[in-house]
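Asker: Here is how the chains run, residue by residue.
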Amino acid sequence: MVTQKDIEKETSSAQIQKSIIRKIENGDYLPGERIHSERTMAAMYGVSRMTVQYALRELVKKGYLYRVRGSGTFVQKNVVDRMDLNYLSERGNSGITAIVKNHGAKIASKVLTKGIITGKFFSYRLGLEKDTEVYVLHRIRYGNDEPIAVEYTYVPAQLFPEMDEIDFETISLYDYMDSISHMPKNFMQKLQIIEASEKERGYLELEKREPVYYTELIGFDEEGTIVEYTESYTRCDKFIYQFDAIV
Amino acid sequence: MALGQLIEKRKAKRVLTLDVLLAKELEYRMETENYQEGMRLPSERSLAEEFGVQRGTVRSALQILMDKGSIISKERSGYFVAPRRVAFDLNAYGSRKSLIEQMGKSTYVKLLTFEKIYVSEKMAQKTALQEDSQVYRIMRLRFAGSHPMSLERTHIRCDLVPGLREEDVHNKSIYATFRKKYRIYIARSEERVTAVYANGLESELLHTTRLHPVMRYEGLVYDRRNRLIEYFDDIILKEKVQFISDEVKTKKHMGR
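Residue numbers (our numbering), protein chains in the order written: chain A, 1 to 247; chain B, 1001 to 1256.
Next up, chain A with everything else stripped away, as it sits in the complex (with noise of 0.2 angstroms):
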């Protein structure tokens, strides 16, 4: 039977097993290096020895740690990786299917939902006479399989005729806006960490609570006409947002 201890149980050791995660990924734990000890871990997170035991077992199946019999717990090399999330970086990094293949993972998308629509917001963003057409692209990404973000895409449909036709689970839309010569070259970014909600949850396969990158960002192409209007949720544990600023 369940009780409710083992319920407390489970979510304390979820709890501990991202927060050591995180460590891990933000360079508090590197590498190699011997985490605290399971006693010092019980008074931190304030829970029993029993479910730091849990879930540092779990950890080293998921094959973030290892044990060295008599010495302690060590972090695995090379478990963190993370995909650099800054379109507008001077690398040259455009869009999330470019960071992807760059970083060598295989990229999918699932189509959610696609059609012409019209709304004051709509138009708004993409600097659009009010009722003007816009199409409207729902994508989840997945990188080598793995949910990576959701990204609800908005375009004036006169610009772009085809979207009806191109299968946007094979094709990646700035290929698209690169064939016709409407590709966002230069872009405004808003950046906000927020809790995923119960949709962006599900679509991404993250549990409660999880915090995520939220990003509006609107592109210009060349011209200096607005192609693009996009919010998305992007996983934090996949990327890292990097970028370079001046005075």
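Hints listed in this document are in silico derivations from the structure and should not be mistaken for laboratory results. The model shown is predicted, which means the values in this text are computed figures rather than measured ones. From the three backbone atoms N, C-alpha and C, an ideal C-beta is built for every residue, glycine too. No false leads were mixed into what you were given.
Ranges between beta-carbon positions, derived for each pair:
| no. | chain 1 | residue 1 | chain 2 | residue 2 | range |
| --- | --- | --- | --- | --- | --- |
| 1 | A | THR170 | B | HIS1207 | 44 to 54 angstroms |
| 2 | A | SER179 | B | ARG1029 | 34 to 44 angstroms |
| 3 | A | THR113 | B | ARG1192 | 31 to 41 angstroms |
| 4 | A | ILE246 | B | ARG1055 | 46 to 56 angstroms |
| 5 | A | THR132 | B | ASN1091 | 25 to 35 angstroms |
| 6 | B | GLY1056 | A | SER71 | 57 to 67 angstroms |
| 7 | A | ALA43 | B | LEU1112 | 16 to 26 angstroms |
| 8 | B | ILE1117 | A | LYS61 | 31 to 41 angstroms |
For this one, chain A is given, so just place chain B on it according to the hints.
Answerer: Showing chain B alone in chain A's frame:
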């Protein structure tokens, strides 16, 4: 109302659900009609009437906006525009103080710790600071209005700012001290934003719960002579800030 038209479109195409369309309609309104933070939204019932949709659809649309953090709900009194986020510029690094003050909020930093430490091997690997060299480790808590917003931790090379004192950084701009006292002019930074879970100390200082997701904002700061000056590592309440960039100079169409 345009939503009627949207409904027609939806019938034809079924591209977006009604609650999403309504959420977007409200977002447009909040932005173009310049809703101020704390302003109250019309009731569920009146929105349902106005747009000719079910109460359930309205509730679901409002939930979408709550999930995004653009509105908040207060029990038994309705929905309100959420406090605005402080906007940090992705391309320009600068004073947090002036950004917050530009929003019409007061801000101050409370000095928590000020100490001289040796750079550990681990920190050296992470930050390009020289191992075993000395840095001032300074921890400050920043308030925006009367609420804590971020825990600002920084590590400054001792060799570049000899004799730095607590008084130089207590509720004062560190960069102003750099300029005035040491003729160090900050020029650029390499930054990153990630999500972490608040630990015990962080959650206590920021008045949040342990393991609450927060934003970690780290950076290496260089001066005009391209010398590494400091490594900062801030923990920020993610609800309080956003990063923005205007790559293109025309500022229209991107609301915040």
